[in-house]
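Participant: Assemble chains B and C onto chain A, guided by the hints.
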Amino acid sequence: MADETGAAVPATRSRALRRRSFLAATGVAASFPLIRRTAQAAENQIILGCSIPLSGPAAPTGITTQRTIDHALEQINAKGIMIGGAKYTIVAQYYDNKYIPAEAVTVVEKMLSDGVRYLFSSGSGNSVPVVEKTTAMKCIQLSGASGKDHLTNPKFPFSFRVQPCNETAYAVYPWMKTTYPDVKRIANIGPSDEAGFTETADRRMLAAKYGYTSGANEFFKRGAMDFYPVATRLAQDKPDLIDFGGTIGRDQGLAVKALRELGYKGKILLGYSDAKSFVEIAGPDAAEGTIMFDTLSEPQNDAEKQLHDWWIAKHGPPMPSFAYLMWDWPFILAQAIQEAGTTDTVKVADALRKTEYHGLFGLERFGMKEVYGLDSSLTRDIPMSVIKGGKPVPLDVVAWPAGV
Amino acid sequence: MTSNRLALAAFLVALAAVPAFVHSGYLLHVMILIFLNVMLATSMWLLGITQLISFGQAGFVFIGAMTSAMLTKDLGISFWVALPVAGVMSALIAAPVGRLSLRVRGVYFFLVTLAFGEVVRGIFAYFQVPFGGWYGVRDIPPPSPHWLFTPLDKVPFYYLGLVLVVLTCWVIWRISRSWFGEVLWGIRESELLASSVGIDVTGYKLVAFIISAFVAGLAGSFYANYVGYISPLIFDFTYSVNILIFVVVGGFGSLAGPISGAVVLTIIPEVFRATGKYQMLIFGLILVFSMLAMPDGITGALHRFQLRRARRAT
Amino acid sequence: MTTTFVLQIIVTGLVTGSIYMLIALGVTLLFGIMRVVNFVHGEMCMLSAFTVYYVSVSWGMPFLVGVLAAIVFSSVVAVLCQKLLFKPLNYDILTCFILGIGASFAIRSATWAIVGPEPVAIPATFPGVFVWHGVFVAKQRVFAAALCGSLAVALTAFLHYTKPGRAMRAVEQDREAALLMGINPESVYVTVFVISAILAAIGGAMLGTLFGADPEMGADPLLKSFIIVQIGGMGSVLGTIIAGLAIGLSDSITGTVFGGELAFIFDFAILMIFLIVRPRGLFGYDV
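Heads up: the protein sequence lines correspond to chains A, B and C, in order. Numbering of the first sequence is given in our numbering, commencing with residue 163 and proceeding in unit increments. Numbering of the second sequence is given in our numbering, commencing with residue 25 and proceeding in unit increments. Numbering of the third sequence is given in our numbering, commencing with residue 4 and proceeding in unit increments.
Incorrect hints may have been included.
DEER-style ranges, computed between Cβ atoms [as the list claims (entries may be wrong)]:
#, chain 1, residue 1, chain 2, residue 2, range
1, B, Arg198, C, Asn93, 33 to 39 Å
2, B, Ala334, C, Leu83, 36 to 42 Å
3, B, Pro169, A, Pro316, 25 to 31 Å
4, C, Ile96, A, Lys300, 49 to 55 Å
5, C, Leu83, A, Ala240, 46 to 52 Å
6, A, Lys339, C, Val9, 35 to 41 Å
Calculated pairs, DSBU-like style, for lysine-lysine (alpha carbon to alpha carbon, straight line, at most 35 Å) [stated by the list, open to error]:
#, chain 1, residue 1, chain 2, residue 2
7, A, Lys383, C, Lys142
8, A, Lys295, B, Lys97
9, A, Lys339, A, Lys467
10, A, Lys371, B, Lys97
Calculated directly from the structure, the hints in this document are not laboratory data. Computed from a prediction, not measured in an experiment: that's the story for all the values here. Heads up, the beta-carbon is just placed ideally off N, CA and C, and yes, glycines get one too.
For reference, chain A alone in the conformation it holds in the complex (with noise of 0.2 Å):
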């Protein structure tokens, strides 16, 4: 038998080559557990695995998160958690999911064996596939996550959402009927992925409920560039307010820009909004008028005004909006932990689910039992803003329905 370069090669020396490449492949495989090295959990130390995009288009939001998470964790560890006289720190560890979810599972596998049981996770597609280990693994899943029953169930007492998504439509759809009472017909545009589809999916239920007609339904696959074809069909729907739902990052100043070359004059209604790269990628023009909800655009008290001042100390301005959302959960983790006295996840997520923190926005408490069966999901009130003159401005702040 020849080989690639023709010559011919004694049978035994092909056989011996053979072995030796799979002792070579061996080799390299056996170092394998030799080269990997995790920082393992020191003594009183509670490991906090997070599973954020850091690169990809959704990356600004997860870069905005570490930075927010670390800052949160230097507070809290400065005072520390008395638990059984000994003081505990929390320390993150993070690994970047890329925002695609085979990422994710396999981000969130190497957590689990690492013996991480507290996870922190960024974006439905990332959350929704790995809950169900987190789950078996009474591991604590908080996730900053749109999501439904397939994330926030009975099911998975170990779950928690930690920032209100598709239900803030619950506060904002009944504020906009008294706010905006012109407004009659609602379209939707979300990503068509797991945030897209729950996202469109909740709000369309909700318009419903608070009297709307609902309008053209489009999905776009996040990342996508060109988004004149779904501007040209939602364009053409003539809606008085299209609802970006779970749209983030560069796909919302895209579709806004879009929309307004194609002559849509409607509303435009969005969150989850770094506002600043918001308005350089839709351009002024098109992004004026755009209403924000969950968006705090300029400190209101004392607690935000102190983050706002080191964020612009530490990172230089502008201070992205999505920050003041990722404060308090931290807070309200340690808080948790010292209520229950132990590291044991079944005792803490106990104390989750019972705990009232009063942060940023007012008391916040794990609630929507009525929706879900359970307590899991964040309420607290929602700030609004809108952009006027290229700048978010503060709008309102809508308090949490009651009976949600």
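Facilitator: Chains B and C alone, transformed into the frame defined by chain A:
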């Protein structure tokens, strides 16, 4: 000859004993990924003997995965039935696709297979019902018996993967050494000569294409019921390219090529996962350097090294 | 389905198609003349977009300077690729392919590391929108289309009426005969790389003004280019022009009428059909 057999046997025993010493779920998970990638690389290698490169392997893996997912999840059929059916489904689709694709040669064949892979992906992505759309299919059940295969314990999956990969490698090795394989090598040497001797070159290529699709389907089925989640975002063009890279970096000369390529190139990104944003950079650079330094792949380089030593000895 | 709607779709399609056509022209030259698939082509678009951003937006120079900088940078990258990567491997299709992929991964990652994850936008040189009988087209898009169109014409002229252009076509048709005629293939190769780099640079700059710059932006145009080149015929400039516009149009139609996902399948289905029914493409040489 016996020493070689002994080495191989020792190697297999070592592999079988791994779960006794390694308890980390993550490490076992990586080993299982290696098994998967070895299966795919060897199937690509078999096809590659005839100088055909398919950039649509991901499509066949996806077909196998989706078949298995739908059978086990929606229809409640046992995984052990779904597994071969997945392979057969991929093979069935490979037949007409292969026949059509083989009408063109060289670079054009690459493109047809690339297009095919994307079309498969697009179809599964567009039709949410029943294929799950971009979001994919979740909650694919693990194989029965359920007391053995749970989402928590990797060990049974490890052995399943080990059995599958050993079987696959053995079968492909036997095929490559059989008369069928000799014909394939002959086609590689000179298609003109082969066809002038009366060999139906296209027919042989087609069979190789179908076999490699079958293996891809099996791998896909295993993936689906192991990971429990499949989506069009996974089985894209990059996935096919990765498989190809295993083979090219490993070397075409013998079966050891794709195997070593798959092992090395599955481990490297995992080793560098902790480096975060530099992970892809390092992977890309390794690829570039290995192509420049070792165009024949790892096995080719080892081989040239051996030849040089032998020549110096004489 | 009003006339305005239909006209809107057509105009949008032609305009976007012209940008992809320009990028594909770079690919067809490389493919046709050197039988090389240069995966780094997509990254050259991306690097150009970033160069324009840094030069024109961060440093405040005029847009034209930014584009020129992008052209220079792109050409340098292309020549480096040619000398360091492709030539040593003798332009072997498969290894060059893998090499290109590795290089493109590395370039993408390096760019991430350097520019960071924030998406970047390049303000339009011509802000505002043309409205004509209810059909809206952003002025920037019209500018991009006009630029790409004129460059395509210029390229055709170059290939037919200038000496280096004719040398390229000679090498493409028959390399040995060209050698006999005294044409140095090596210098032709370098010229081809540089020209394709220029095309990628301008295409990338245009994409940047429309969609912003991001390290992953090169992947899509590259794949589209393959489709366009195959349908038009490898090495055929006219084929690429027609196919580019056609793909733009078909994307717009399928995307707007049926929703974005279908456009994706449709492109590749068309590719498959062409490959099977007419592998040489519209105007390519016999396979």
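Participant: Against which earlier hints does the structure fall short, listed by number upward?
Facilitator: none
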